[in-house]
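Q: Construct the complete structure from the given sequences, taking the supplied hints into account.
Line by line, the protein sequences are chains A, B and C.
According to numbering that gives the first Met the number 0, the residues represented by the first sequence are 0 to 500, in order.
According to numbering that gives the first Met the number 0, the residues represented by the second sequence are 0 to 320, in order.
According to numbering that gives the first Met the number 0, the residues represented by the third sequence are 0 to 390, in order.
For the record, the hints were derived by calculation from the structure and aren't laboratory data.
Predicted model, so just to flag it, every value in this text is computed and none were measured.
One should not assume that every hint holds.
Here's a subset of chain C near chain B, in silico, CB distances under 8 Å, partners left out [said to hold, decoys possible]:
#, residue
1, Q250
2, K260
3, S265
4, S268
5, K387
For each label pair, taking beta carbons as the anchor points, the in silico distance ranges come out as [unchecked claim]:
#, chain 1, residue 1, chain 2, residue 2, range
6, C, A131, B, V123, 24 to 30 Å
7, B, P93, A, G361, 37 to 43 Å
8, B, D89, C, A131, 40 to 46 Å
9, B, V119, A, A360, 27 to 33 Å
10, C, R294, B, L97, 34 to 40 Å
11, B, L294, A, N116, 53 to 59 Å
12, C, D136, A, N55, 51 to 57 Å
13, A, G390, B, V21, 27 to 33 Å
14, B, L40, C, K70, 45 to 51 Å
15, B, L294, A, L64, 45 to 51 Å
16, B, D89, C, D315, 51 to 57 Å
17, A, G11, B, L294, 53 to 59 Å
18, B, P120, C, G341, 54 to 60 Å
19, B, A138, C, G341, 17 to 23 Å
Take a look, some chain B residues computed to stay more than 12 Å from chain A by CB distance [what the hints assert, rightly or not]:
#, residue
20, G87
21, A102
22, V116
23, L173
24, S185
25, L220
26, A258
27, G261
28, G298
29, W306
All C-beta atoms, glycine included, are put in the ideal place defined by N, C-alpha and C.
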Amino acid sequence: MSGAVPVLEARGLVKEFPGVRALDGASIACGAGHVHALVGENGAGKSTMVRILTGNESADAGEVLLDGQVVRFGGPREALAAGVTAVYQELTVLPAMSVLDNVMLGQERTRRRVLDNRERRRVAREALGRVGLGDVDLGRRAEDLSLASRQLIEIARALARETRVLILDEPTAVLAGEALESIHRVVRSVAAEGIAVIYISHLLEEVRELADQVTVLRDGKDVSTGPIAAYDVPKMVREMVGRDVDSVFPDPAPHGEEVVMSVAGLRPRGDDGPGLDFELHAGEIVGLAGLLGSGRTRLLRTFAGDGGRSGGKIAVGGREVRAGLHAAIDAGVVLVPEERKVEGLALGLPVRANVTLASIAGIARGGWLDRRREKRAYEEERERLGIRASGPEQLTGQLSGGNQQKVVLAKWLRTRPRVLLLDEPTRGIDVGAKAEIYALIRELAAQGMAVVFASSDLTEVVGLSQRVLVCRDGQVVGRLEREDVDPEGIMHMAFGTGAAA
Amino acid sequence: MNRAGALASDFGARVAPLAGLVIVLIAAAITSPSLFESSNLRLILFQIGLIGITALGQTLVLLVAGIDLSVGAVIGLTAVIVAAHTDGSDGALPVAILLAAAAGAGVGLLNALLVIVRGVPPFVATFASFVLVEGVITAVTRGAPSGSIPSGLHTLGADRVAGIPVPLLVFAVLALVVGVILARTSAGRRLYATGLNPRAAAMSGIRTPLVVASAYVACALFAVLAGLVDAGYIGYVDAQLSRELNLESIAAAVIGGVALTGGEGTVGQTVCGVLLLAVLLVWMVELGTGVGGQLAVEGAVILGAVWLQRQTLSQKRSVKG
Amino acid sequence: MFSRRVWFVLGLGLLSALVLAACGGSKEGTEETATASGGGCKPSKSVETAYDKAWEQGEQALELTKLEIPKTELCEVDTSKWQKEEPSGGYKIAFAAQGPTNSWAAENEEAFKTKAGELGVEELYASADGDATKQVDNIQQLASQEPDAMVVVPMGSSITGQVKAATAQGIPVVACAGTIAPSSGVVSTVTRSYELQGRLWAEWIAKQIDGKGRIAMISGIAGVPTAEYPKKAAEELFAEKYPEIEIVSKQYDDWSPTKAKTVAASLVSKNLDAIWSDSSFTALGVYEAYKEAGRPVPPVTGDASNAYLKAIQNADVKFALSPFPPEMSTQCLETAISILKGEPVPNFVNVEAPAFTDKEKEKYLRPECSENLWIPTKLSDEELKSLKLCE
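A: In structure tokens form, the structure reads like this:
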């Protein structure tokens, strides 16, 4: 940027949500014609920053500058009018509408209040040309296009608005191979036109290839920023995590020999593949990796008895377990779901009641609740898991994400499970609590519990697992032992691009 | 809104009905002192008993995020069954009560079935039951229910023990029982968990369909009891009864602070709401506002209560973040 | 902040309560005298005599000395323009009924049906389930089946337009057990006069308390003609003739036995000398409430049901009942046939029914019959049995 005034700059942004300080003095400066990568762990504050830059949220403190002038966006429309546009991972392309309508969505060109069709087509055609879709039929319905093309239409929509700052939030998270390349090409050419691009991605290799500058967010602060040349992947990870990965994930203790759960020919409902054979040992931690929609969650849920089977058998401790939630729970197979607020907790109940939610029969004597016993259960779990609550009576909804997750864990630990299943165990949890959850999982495994978890956080998968199963298109396509696990290999398997499979 | 503020407003929602009761009592004492003469007082106490019994059942259903609009129909059905089966004979009363209870449980099960298995919104399902039962009553009796109410029921509906109407005593005992079940048993805990978050409750191994069905059946059985009380009170078959008791049972619970969204509310709150509503209703009669007036005031108070609740709820949400 | 909200809610409730208290008493229906339009209507002595007969019976039975008959336009309708040859299969007459929502309506409809069978009339029946809105559709539907005439038990004033459409279509309409606005073109109205009911009860009350004292008025459903017109007639009479009678409270009880008792119970403490009411449901509620409170039952009025007579048969209660007989539907049917035959009919038929007091209670009580029976009944024993009203 060398001296030139950045197009978009944020200084000292602070944003506090109840219980969480999402941004804590974060800054970023992005120059015209540059691709500026924004990286950080989940919960580091990236999305909050994007929401502030695009006027969807207002900062508690700090300022946003456009061309060196302080601006205050009253809402997303004002940001759009100023030329700041964001494209999100979750597509906002309307499948039933035409390409033309999708590109021109929200910016209708009119002449005397009537849609000016010729003008619309011209603008759309030009924008599409800039993203390499110059020859697509404008009347085609968006749902007939590939995922990558739809992503490009989103970008074209931004370009049609005369955008000056383009924010791309994980545009490639669900793409692979050639599709990935096409997005990269467009990003480069858009930057070459003089547009400032802020690029958010978890794929650090991609970032290194594409970006000119990088800013690393951690705990709501910009802990490090500079030209990309100065950052190799390990350095970025170190900055993101704030310590060496090894310190977060010490080598696990070897697991036992006893097979706790054995799965034979298992096909989740709707799966017509060959079926999964799989053995889980006492004290073992198995990670399920794969892209969104690759079938990780479905597999976990089938283990947990939620959602039926098309075939196959599951046995726990040598005894067969029927399909069904109650059978699984009775056999000691329990699931900590990804959506803990939706599926894990009754937020309106006090913490003690959620801790005993799955073991209420054990707290009650002939149907009568024993208050003292319940309180004791709460105290035990609070101590074991380090739950930070004002007391047993605090409403669970008032706890932070990490503590809520611990309550879900506590709920299941009260039932003395043999197999603990976790789906995205640290999503939406801040870094400190994450480390605690990891340590906890390790400890439970060390005590002999078998653990299977699914995660899209590769660092987590690599660091925590003794064994990794990689899912793609609903099937387990790869199995890696700890010594063979590396992020790149997993990604290749997940995308189906690599040699290994 | 900080946490302390939210707690204060929560406190407000809980105390509001009590404060409301006190204010209504004072206002009533000023505008119509005769409200507190013994005959009016007895009427208020009876109303508390009758509305209260239905409101207890309604509370259970509200706690599992449902609503029961078939209460009034079950009350009418009970009167018709008792009259038809006993034709005034006390000896036949026990069997008649069993029949009425079975019919009531049937309506409750139908409600539960529609809500749980077919996923019909409770409002629609129970209103359909209401219309169905009313239709069956009208079709079978052609508007002229046969038989008469045995005098044995008079004890339940119109007698007094130590000056206190029996319905009130029945309500008091039931309120205590339901209150203890909700607060002190695992069944109560399952009910709250199911109402607050049915998905999480089910995922935690609670058989939520069973819980929801129990609530609807219990509510219908309470309505049967209310039907017996009412039949005993008037000593006459009133088959057409009471869309009003539908409304009043819900109103009492909601005014007391039981949330329409499920999982929030206690029997104590319902009792408070019942007291407030009963005083209000008799006071309205005393003021001579007529039917329209009563409904309008009731509506205004419910609106106020729900408005208070939403306020509290949204504050709680913002704390959750 | 908390207290502000509480005040808001209660203020809201209080405000509405007071506003309604202020307005509640002034609810009034607009009285419309039923006069025939279309075709000539000439004054007739015989029609006036017939009208007065019902009044005279009431005056005698209730031992009143000075029942004034209010001025009403009475005449004889020339029906030649409606005249129609009787088809071989008999006349086709539509009956827009209330629907069997209570025993009064059930008897009303049974009587009509039986009479139609006797007269060889084909009945087209439609039930309104007590709902005026539904009756609007019913009348339209019945008219589209081209009946020779139509009898309507009016559920409310909102049917006026549809009745007008039917008469314009050439179907003579008879209002039965209620009134329809004259602008509808209704040919004849057959009902017991609301004014008669209201005044009869009021005069009897006045006599019981020697023209002074505290009374309450309890009516059925607010806004429904059958409740509002008698009430208004009684109020006017009290205001004109008996300034020393204080109406302490005016209530509605929806003709529901439950509400009647509740409302009556709230009046016990008011030291009333008498209670004017328009139904025996109310009279029954008054009796039950006072009995339970251990107070003497004040003189009370109402229409005549077996339920009430059964309840008080062994009690010492003063009452005056004036029936609103359900089987007046037969007279409605006969009037409709007269119209079709081109015979002159009265524009208003004041249905006769014996009013009576507690002195004659043994005469009218039917111990072998159900509480649902309206008395005195003209239905035959077989009909009563088939309706499960009597043994």
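Q: Look at each hint and say if it fits the structure.
A: Going down the list of hints, with the structure as the test:
1. Using the Cβ-Cβ criterion of 8 Å, the hint placing Q250 (chain C) at the interface with chain B is satisfied: the shortest such distance is roughly 6 Å.
2. At about 5 Å, the closest approach between the beta carbon of K260 (chain C) and any beta carbon in chain B falls short of 8 Å, and the interface hint on this residue holds.
3. The restraint placing S265 (chain C) at the interface with chain B holds, with a minimum CB-CB distance near 5 Å, inside the 8 Å limit.
4. Of the supplied interface hints, the one on S268 (chain C) holds, with its beta-carbon coming within about 4 Å of a beta-carbon of chain B, less than 8 Å.
5. Among the interface hints, the one on K387 (chain C) holds; its C-beta lies about 5 Å from the nearest C-beta in chain B, closer than the 8 Å criterion.
6. For A131 (chain C) and V123 (chain B), the hinted distance range of 24 to 30 Å is satisfied, since their beta carbons lie about 25 Å from each other.
7. Between P93 (chain B) and G361 (chain A) the beta carbon distance is about 40 Å. The supplied range of 37 to 43 Å therefore holds.
8. Separated by about 42 Å at the C-beta atoms, D89 (chain B) and A131 (chain C) satisfy the suggested range of 40 to 46 Å.
9. About 31 Å separates the C-beta atoms of V119 (chain B) and A360 (chain A), a value consistent with the hinted range of 27 to 33 Å.
10. Remark: the range hint 34 to 40 Å for R294 (chain C) to L97 (chain B) is upheld by a beta-carbon distance near 37 Å.
11. Restraint check, L294 (chain B) to N116 (chain A): a C-beta distance of roughly 56 Å satisfies the suggested window 53 to 59 Å.
12. Look at D136 (chain C) against N55 (chain A): about 52 Å separates their beta carbons, and that is inside 51 to 57 Å.
13. As the Cβ distance of G390 (chain A) to V21 (chain B) is approximately 31 Å, the hint placing it in 27 to 33 Å holds.
14. Distance hint for L40 (chain B) and K70 (chain C): a CB-CB separation of about 48 Å, consistent with the stated range 45 to 51 Å.
15. A hinted range of 45 to 51 Å is violated for the C-beta pair L294 (chain B) and L64 (chain A), which are about 60 Å apart.
16. Checking the proposed 51 to 57 Å range against D89 (chain B) and D315 (chain C) shows it is violated: the Cβ atoms sit about 26 Å from each other.
17. Range check, G11 (chain A) to L294 (chain B): about 58 Å between beta-carbon atoms, so the 53 to 59 Å window is met.
18. In this structure, P120 (chain B) and G341 (chain C) meet the distance hint of 54 to 60 Å, their C-beta atoms being roughly 58 Å apart.
19. Evaluation of the 17 to 23 Å hint for A138 (chain B) and G341 (chain C) yields a failure: the beta carbon distance comes to about 40 Å.
20. Look at G87 (chain B): its CB is around 41 Å from the nearest CB on chain A, clear of 12 Å, so calling it non-interface holds up.
21. Residue placement check: A102 (chain B) keeps its beta carbon more than 12 Å from all beta carbons of chain A (closest about 28 Å).
22. Non-interface status of V116 (chain B) relative to chain A is upheld: no Cβ of that chain comes within 12 Å, the nearest being about 17 Å off.
23. Every C-beta of chain A lies more than 12 Å from that of L173 (chain B), the closest at about 18 Å, which supports listing it as non-interface.
24. Distance check on S185 (chain B): its Cβ comes as close as 4 Å (rounded) to a Cβ of chain A, failing to clear the 12 Å threshold; non-interface status is violated.
25. Annotated as non-interface, L220 (chain B) keeps its C-beta farther than 12 Å from every C-beta of chain A; the closest such distance is 19 Å.
26. A cut-off of 12 Å between C-beta atoms contradicts the statement that A258 (chain B) is not in contact with chain A; the least separation is 9 Å.
27. For G261 (chain B), the shortest C-beta to C-beta distance to chain A comes to about 9 Å, within the 12 Å cut-off, and the non-interface label is violated.
28. Every Cβ of chain A is farther than 12 Å from the Cβ of G298 (chain B); the closest lies at roughly 27 Å, confirming the non-interface assignment.
29. Even its closest Cβ contact with chain A, about 20 Å, leaves W306 (chain B) beyond 12 Å, as expected for a residue assigned away from the interface.
Comparing the model with each earlier hint shows violations of hints 15, 16, 19, 24, 26, 27; every other hint is respected.
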